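Trainee: Given the structure of chain A, go ahead and fit chain B onto it with the hints provided.
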Amino acid sequence: MNIRQKTFVVFLFLVLAVLPAIPANSTFSGMVRDYAAVRLESLDMPVHEQTMDAFYEHSTDMGKLTLHPVVYSNPNKALQLNLAEAYFDFYLENADVRVGKQKVIWGEAEGAFITDLVSPRDMRSFILADFSEIRKAVPAIKVDYYAGPYTMQGIWVTHFIPTSLPASNSMWAQTPTLPFPPAITSVSFTDSAMPETTLENSEFFLSLGRFGNAVSWKLNGGYVFTDEPLASEVTAPDPATRVISQRYERYSFIGGSFNTALGGLVLRGETALALDKPMNSLDTSKNPPITIEKHTQVQALVGLDWNMLGSQWSTQYLMVYTHDHTASLVSQMKPVKEFAHTFTFRMQDTFFDEQLTVRLFTYIEVEPLNTLLRPSISYNFGNGVLLEGGLDVFLGDKDGTFGTYASNSLAWAALRWYF
Amino acid sequence: MKNHKQHRRIFLVLALVLGMSALFAADYSGEQVMWEVYNRDSGDTMRANLIMTLTNARGSVRERSIVQYRMDKEGVESKLMFFLSPNDVRNTSFLSLSYEDGRSDAQYIYLPALKRVKRIASDSKNDSFMGSDFTYDDMGSRHPDLDTHTVLRKELIQEKSTLVVESIAKGDEDYPRTLSWVVEGEWFGLKKEFYRQDGTLGRTLSIEAFEEVDGIYVITDMIMKDWEKQTSTRIQMKEVAFNLDFDDNFFTERQMKIGPRG
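So the protein sequences, as listed, match chains A and B.
Mapping the first sequence onto my numbering, position 348 (from 1) lands on 348, and the numbers just tick up by one.
Mapping the second sequence onto my numbering, position 49 (from 1) lands on 1049, and the numbers just tick up by one.
Keep in mind the hints are simulated off the structure, nothing from the lab.
Note that the coordinates shown come from a computational prediction; the quantities given were computed from them, not determined experimentally.
Some hints could be false.
Estimated spans, in silico, between C-beta atoms of each pair [said to hold, decoys possible]:
#1 Asp1044/B / Phe345/A: 36 to 46 Å
#2 Lys1229/B / His58/A: 38 to 48 Å
#3 Gly1185/B / Asp61/A: 39 to 49 Å
#4 Leu356/A / Lys1073/B: 38 to 48 Å
#5 Leu83/A / Leu1179/B: 52 to 62 Å
#6 Asp1041/B / Val366/A: 51 to 61 Å
#7 Met333/A / Leu1146/B: 33 to 43 Å
#8 Ile105/A / Gln1197/B: 37 to 47 Å
#9 His323/A / Glu1228/B: 57 to 67 Å
DSS-like mimics (lysine-lysine), calculated; alpha carbons at most 30 Å apart, straight line [to be verified]:
#10 Lys103/A / Lys77/A
#11 Lys334/A / Lys294/A
#12 Lys103/A / Lys1154/B
#13 Lys136/A / Lys1073/B
#14 Lys136/A / Lys1115/B
#15 Lys1118/B / Lys101/A
#16 Lys1118/B / Lys103/A
#17 Lys1225/B / Lys136/A
#18 Lys101/A / Lys1160/B
#19 Lys1115/B / Lys77/A
#20 Lys1115/B / Lys101/A
#21 Lys103/A / Lys1257/B
Using N, Cα and C, we set each Cβ at its ideal position, and we do this for glycine too.
Same shape as in the complex, but just chain A (with noise of 0.2 Å):
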């Protein structure tokens, strides 16, 4: 045990030596867990985390106070404390008022971003122990207003806060491949420069929705920054280098989504129109090589739940269309497809009353074709303690989303401990 995986050990039991002193009015509840991943290819171990997941709740006449502090400790890196969320709820009559740093979650997708902009994400890993923690808390004012079946949701990001990207020695990492002539022998990024902390660089979103026993939909909207940045400027200190600068740009969309019950079958579906949504377009046969052009794109998404067999089985279609596209356009210096086609597709299933469940969630990408399967196994102990192990792994053509790390296939166990 090195010494941050010992200041992880005596962190923790110190919070749970302080869990007897918490007030009756507040709960203090969350997780730790012990995930270790070992590459199929290289047989190295990538990833052994231990995580601590905690959640402080202290409830109050006026409200409810949320913190929600995350530790990871990691051989290859330096102890980690975040505050991931912290933030104070007020509860009206017909209102609540949310105030803080927060994840806001929207949309009826699944392992897909449509309408849901309003919390970035943490793409660091790529693939992460647990969903959940692939987003990140935005500073805000969150408002819901309820009229019957009806609510008015307000959201005012304060600051911009971006999409977190794996680090250029990160086995997630991405070099792009930039069709610079060979006398360009070097080619690099600066780092993104933040928009500056105004009010006319806050994010707006506002979403009407109405929870109905026949359908439940929702319309949303946004005033946003994208959350990867663009590529904004080619400098050439000398004639063998190219350095490349990078900013986020603003946009706004408009969408909806909706659930409703058809027999036995659960049909979801979500949409969003980008309008006037800035791409780089990369041709390097031109001067300046690298653009920013505005482009409406639309994305759409339609799943469907069921129960069949004693399991639950789900799928879904997302379909993206970029408006007026060309060859050039690129983003994150992949290309853009006019049309990309992805499916995703789930099972689970339980045995043992519920002690063993076993799961499959695979994404396959159409063009080029490529997948991500990731089955997996857990067993739970009772009293909060669950064993897993799974694999990830990633297949198909190197230029797709997932088949461009078929040498990072996993496979992964974890133990954790629910308190």
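Mentor: For chain B alone, kept in the frame of chain A given last:
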């Protein structure tokens, strides 16, 4: 000869008793009994703490704690459950809406880790409720029109006079035949047997305790035994309260996220 006469006398008495029972039982049709059960006063609203104890075939025991809220209003039975323990399911909530007019139930689950309320397929009525021996159907009020009902006989259970009602499902069910022991006049069940499609006894629900709260009979302790799996689930109800005031937003997505407080 004396023995023979005694046997005849016993037979006559038994026949008389059974005949009278049949006559008495015939005062109610099976449909009437089950509609009485369905329409029994169970309070417009209710709150209770549930302790669910699951015992597997090897005798090992797991416990779950739930707080449950119910409201009957305008032909809709709304039920909201918050899971308090074990810790891995804490703050998960489950909302079901059952309709008197026979429409399919609507069911939703809130998963706190994902911060998302999901509609779930409602044909899961035969599926296990939280890994227990109860099904989702057992946790709600089964609509009488889903079965045909016949009163078979009258029996005394726990010093209560009960009518034994046979119910045959009209649709496809895991347990197409059930027998219910319904307390006459009070219209709550004291026992229920679930028979599988091959006619064998699959499960037995037995009522261990009931009490009167605010003039309403409440089952406070019941055990479901699965004879095939040799497992059992006990549900104990505590701190039962009726006729509480819930505001219009209580049985909604909002409360599922807020939790039992607030």
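Trainee: It remains to establish, for every hint, whether it holds in the given structure.
Mentor: These are the hints, each one checked on the structure:
1. Asp1044/B / Phe345/A: 36 to 46 Å: holds, 44 Å
2. Lys1229/B / His58/A: 38 to 48 Å: holds, 43 Å
3. Gly1185/B / Asp61/A: 39 to 49 Å: Roughly 46 Å apart at Cβ, these two residues keep to the hinted range, so it holds.
4. Leu356/A / Lys1073/B: 38 to 48 Å: Cβ of Leu356/A to Cβ of Lys1073/B: about 40 Å, so the range 38 to 48 Å holds.
5. Leu83/A / Leu1179/B: 52 to 62 Å: holds, 58 Å
6. Asp1041/B / Val366/A: 51 to 61 Å: Once the Cβ atoms are compared, 58 Å apart, the range 51 to 61 Å for Val366/A and Asp1041/B holds.
7. Met333/A / Leu1146/B: 33 to 43 Å: Roughly 60 Å apart at Cβ, these two residues miss the hinted range, so it is violated.
8. Ile105/A / Gln1197/B: 37 to 47 Å: holds, 42 Å
9. His323/A / Glu1228/B: 57 to 67 Å: With Cβ atoms ~59 Å apart, the hint holds.
10. Lys103/A / Lys77/A: holds, 25 Å
11. Lys334/A / Lys294/A: With Cα atoms ~17 Å apart, Lys334/A and Lys294/A stay inside 30 Å; holds.
12. Lys103/A / Lys1154/B: violated, 59 Å
13. Lys136/A / Lys1073/B: The given pair, whose Cα atoms are some 41 Å apart, is violated under the 30 Å limit.
14. Lys136/A / Lys1115/B: Distance ~13 Å between Lys136/A and Lys1115/B Cα, so the pair holds.
15. Lys1118/B / Lys101/A: holds, 24 Å
16. Lys1118/B / Lys103/A: holds, 17 Å
17. Lys1225/B / Lys136/A: violated, 46 Å
18. Lys101/A / Lys1160/B: violated, 59 Å
19. Lys1115/B / Lys77/A: Answer holds: Lys1115/B to Lys77/A is near 29 Å, not above 30 Å.
20. Lys1115/B / Lys101/A: At roughly 15 Å apart (the allowed maximum being 30 Å), Lys101/A and Lys1115/B satisfy the hint.
21. Lys103/A / Lys1257/B: holds, 13 Å
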